[in-house]
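Asks: Start from chain V and add chain L according to the hints.
Top line first, the protein sequences correspond to chains V and L.
Just so you know, we're using the numbering used here here: the first sequence kicks off at 1 and counts up by one.
Just so you know, we're using the numbering used here here: the second sequence kicks off at 1001 and counts up by one.
Hints may contain errors.
What the hints assert, rightly or not - Within a straight-line C-alpha distance of at most 30 Å, the following computed DSBU-like cross-link-like pairs (lysine-lysine) qualify: (1) V:K134 x V:K7; (2) V:K7 x V:K307; (3) L:K1032 x V:K134; (4) V:K44 x L:K1094; (5) V:K32 x V:K259; (6) L:K1044 x V:K44; (7) L:K1041 x V:K94; (8) L:K1096 x V:K44; (9) L:K1134 x L:K1307; (10) L:K1041 x V:K44; (11) V:K307 x V:K288; (12) V:K41 x V:K286; (13) V:K197 x L:K1007; (14) V:K288 x V:K259; (15) V:K41 x L:K1044; (16) L:K1288 x L:K1259; (17) V:K96 x V:K7; (18) V:K262 x V:K197; (19) V:K134 x V:K197; (20) L:K1007 x L:K1094; (21) L:K1286 x L:K1197; (22) V:K96 x V:K44; (23) V:K286 x V:K44; (24) L:K1307 x L:K1007; (25) V:K262 x V:K41; (26) V:K134 x L:K1134; (27) V:K44 x L:K1134; (28) L:K1044 x V:K134; (29) V:K134 x L:K1041; (30) V:K307 x V:K44; (31) V:K32 x L:K1134; (32) L:K1044 x V:K94; (33) V:K41 x L:K1134; (34) V:K41 x L:K1094; (35) L:K1288 x L:K1307; (36) V:K134 x V:K94; (37) V:K96 x L:K1044; (38) L:K1134 x L:K1094; (39) L:K1286 x L:K1094.
Think of the hints as simulated: they come from the structure by calculation, not from any bench.
As the structure is a computational prediction, the values presented were derived from the model and not from experiment.
2 protein chains.
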Amino acid sequence: MIDGLMKRIDELGNPTVVGLDPTPEMMPEHLKEEMLGRYGKTPKAMAEMYLAFNRMVIDGIYDLAPAVKPQIAMYESLGIEGLNAYFETISYAKSKSLSVIGDIKRGDISSTAAAYACHIGGVEVDGEWFDPWKEDWVTVNPYLGTDGIQPFIEAANRRDRGIFVLVKTSNPSSGELQDLTLAGEGEKASEGRAGEKVYERVARLVDHWGSQAMGSQGYSKVGAVVGATYPEQGARLRELMPRTFFLVPGYGAQGASGKDLKGFFDRDGRGCLVNSSRGITGAYQKDKRFSQFHVGEAAREAVLRMKEDLANVQG
Amino acid sequence: MIDGLMKRIDELGNPTVVGLDPTPEMMPEHLKEEMLGRYGKTPKAMAEMYLAFNRMVIDGIYDLAPAVKPQIAMYESLGIEGLNAYFETISYAKSKSLSVIGDIKRGDISSTAAAYACHIGGVEVDGEWFDPWKEDWVTVNPYLGTDGIQPFIEAANRRDRGIFVLVKTSNPSSGELQDLTLAGEGEKASEGRAGEKVYERVARLVDHWGSQAMGSQGYSKVGAVVGATYPEQGARLRELMPRTFFLVPGYGAQGASGKDLKGFFDRDGRGCLVNSSRGITGAYQKDKRFSQFHVGEAAREAVLRMKEDLANVQG
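Next comes chain V alone, as it looks inside the complex (with noise of 0.2 Å):
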């Protein structure tokens, strides 16, 4: 899978992940109209909306993009009915042959990350194997250490998926623990070194844990969820992670430009996803040439716009 994505990031020459993270105010008023006419003020017609609207969106860029992102807290969110519209994005994205993303943030013991890797590895029902969500990547929290990781490790072997780390997060609050200076134990792979950050303790675990899941490509298949908001950490995790790929959030509407994202890429322009969700999915809010019906033309021109931003820093 990460060569598979790689090669697919070559050919197309763009390293854009459309996120989508539908919300009740990016939602066309003619589909809001349609969806609540049908099923009334219901959690079943906001999960139509966003399916519907994650088509438009779709139809817009799957020959331009490598890869979509949907977020299952917009889904989960409302219950039942949205995970079935999360399950029927990632259905319709991937019979477009994009590579789907799932951002989940799971993270638990053991046996229970065993049963989260379900979402990558399938689960196994009396012999018979089923694919209960399909996505190709999803998101993990390594709060819980070596544990919670392995299980999505031999998944991603099994299955050749993959997954990625949260490293860095893109959020305002993400320093008041991945940021914290580390007195440092030993140098032992397995403990803290003095003056290091948590971010670059989490770092090395990853890399390490990527060592026991290589590509063809010099790339594994546990990435690092590094923001776009943080440049020099960035480049700093680009040292400490060379054979990671990273999964770049906080593009666009978070703040982050293309020169923000300069060393993050490897020498070879290589090593990224960047993801970018409002900016994409809701640019037909944002420009007086589109109307409501233009939900994928605005996308694709998003999409098109930071392909040529991206192309810039990529060496």
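Replies: Just chain L, lined up with the frame of chain V:
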């Protein structure tokens, strides 16, 4: 909710939480035959087994224990059908007046955290409110800092529900990040202190977050997950978080017993909920007096045994 929960623990004289983490290995043969016969080898069959099994457990314990804790991963691994069983399990538990702690360990940045907070806060659709998951409490991951917690605190206050933040988890590798020693960068609440562990830093944040959501009995709606498998750290954390209710996993199958928990309770023998999953729900498999038709009876006896064991350390 924190006040009501404490009152119920006092009434029952029992801080035991029954973990509802079903696995295929735990299912009685007669349930397997029934559901595989009815639904074939499908995730739906397994989900129906889990739900029927949970009802047997709940019927056995609802008048002895204050709360149940379904682990959402076990259900999520079966896709939409599994999550339906999760929801129906919660509904059934609440119909029996049990408090429900959704063990979901979610964590994300602000707008996304707000979406996840629907688990306790509900969701609004065009002016109408819905309760898509119905948990009274959920577990939350702190790796993203205050941004990721604030929306849950707002939901907890709005609906009088609560959260348990992961502080020191029960698994073997929890120390990889949580036990790292900090170099210290000052004495402001937002910074690390020299010599402090990461989990102690998180504990101070939890104490601070809790100050925004106090109940009337001296405890807040922001609780902490503290593993029973780390008795020394538990006692230390009780000192650091005097107003914080502890949700304590790791009792029973994971190796800890009542004597390990002395320091977790406060001087009045309050302040903790202690979870056991397999030790209660799988009790019917471990005692020759019980058959596959005695899931509830065996669970009931296991809860009574645990109540007695915990009474010895509650002062």
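Asks: None of the hints should be skipped; say for each whether it holds.
Replies: For each hint, the structure was consulted:
{"no.": "1", "hint": "V:K134 x V:K7", "in the structure": "21 Å, holds"}
{"no.": "2", "hint": "V:K7 x V:K307", "in the structure": "16 Å, holds"}
{"no.": "3", "hint": "L:K1032 x V:K134", "in the structure": "26 Å, holds"}
{"no.": "4", "hint": "V:K44 x L:K1094", "in the structure": "23 Å, holds"}
{"no.": "5", "hint": "V:K32 x V:K259", "in the structure": "38 Å, violated"}
{"no.": "6", "hint": "L:K1044 x V:K44", "in the structure": "21 Å, holds"}
{"no.": "7", "hint": "L:K1041 x V:K94", "in the structure": "25 Å, holds"}
{"no.": "8", "hint": "L:K1096 x V:K44", "in the structure": "28 Å, holds"}
{"no.": "9", "hint": "L:K1134 x L:K1307", "in the structure": "27 Å, holds"}
{"no.": "10", "hint": "L:K1041 x V:K44", "in the structure": "28 Å, holds"}
{"no.": "11", "hint": "V:K307 x V:K288", "in the structure": "22 Å, holds"}
{"no.": "12", "hint": "V:K41 x V:K286", "in the structure": "27 Å, holds"}
{"no.": "13", "hint": "V:K197 x L:K1007", "in the structure": "43 Å, violated"}
{"no.": "14", "hint": "V:K288 x V:K259", "in the structure": "27 Å, holds"}
{"no.": "15", "hint": "V:K41 x L:K1044", "in the structure": "28 Å, holds"}
{"no.": "16", "hint": "L:K1288 x L:K1259", "in the structure": "27 Å, holds"}
{"no.": "17", "hint": "V:K96 x V:K7", "in the structure": "17 Å, holds"}
{"no.": "18", "hint": "V:K262 x V:K197", "in the structure": "22 Å, holds"}
{"no.": "19", "hint": "V:K134 x V:K197", "in the structure": "35 Å, violated"}
{"no.": "20", "hint": "L:K1007 x L:K1094", "in the structure": "17 Å, holds"}
{"no.": "21", "hint": "L:K1286 x L:K1197", "in the structure": "39 Å, violated"}
{"no.": "22", "hint": "V:K96 x V:K44", "in the structure": "25 Å, holds"}
{"no.": "23", "hint": "V:K286 x V:K44", "in the structure": "28 Å, holds"}
{"no.": "24", "hint": "L:K1307 x L:K1007", "in the structure": "16 Å, holds"}
{"no.": "25", "hint": "V:K262 x V:K41", "in the structure": "46 Å, violated"}
{"no.": "26", "hint": "V:K134 x L:K1134", "in the structure": "27 Å, holds"}
{"no.": "27", "hint": "V:K44 x L:K1134", "in the structure": "17 Å, holds"}
{"no.": "28", "hint": "L:K1044 x V:K134", "in the structure": "17 Å, holds"}
{"no.": "29", "hint": "V:K134 x L:K1041", "in the structure": "19 Å, holds"}
{"no.": "30", "hint": "V:K307 x V:K44", "in the structure": "35 Å, violated"}
{"no.": "31", "hint": "V:K32 x L:K1134", "in the structure": "26 Å, holds"}
{"no.": "32", "hint": "L:K1044 x V:K94", "in the structure": "23 Å, holds"}
{"no.": "33", "hint": "V:K41 x L:K1134", "in the structure": "19 Å, holds"}
{"no.": "34", "hint": "V:K41 x L:K1094", "in the structure": "25 Å, holds"}
{"no.": "35", "hint": "L:K1288 x L:K1307", "in the structure": "22 Å, holds"}
{"no.": "36", "hint": "V:K134 x V:K94", "in the structure": "9 Å, holds"}
{"no.": "37", "hint": "V:K96 x L:K1044", "in the structure": "28 Å, holds"}
{"no.": "38", "hint": "L:K1134 x L:K1094", "in the structure": "9 Å, holds"}
{"no.": "39", "hint": "L:K1286 x L:K1094", "in the structure": "28 Å, holds"}
In the structure shown, a violation is registered for the earlier hints numbered 5, 13, 19, 21, 25, 30, in ascending order.
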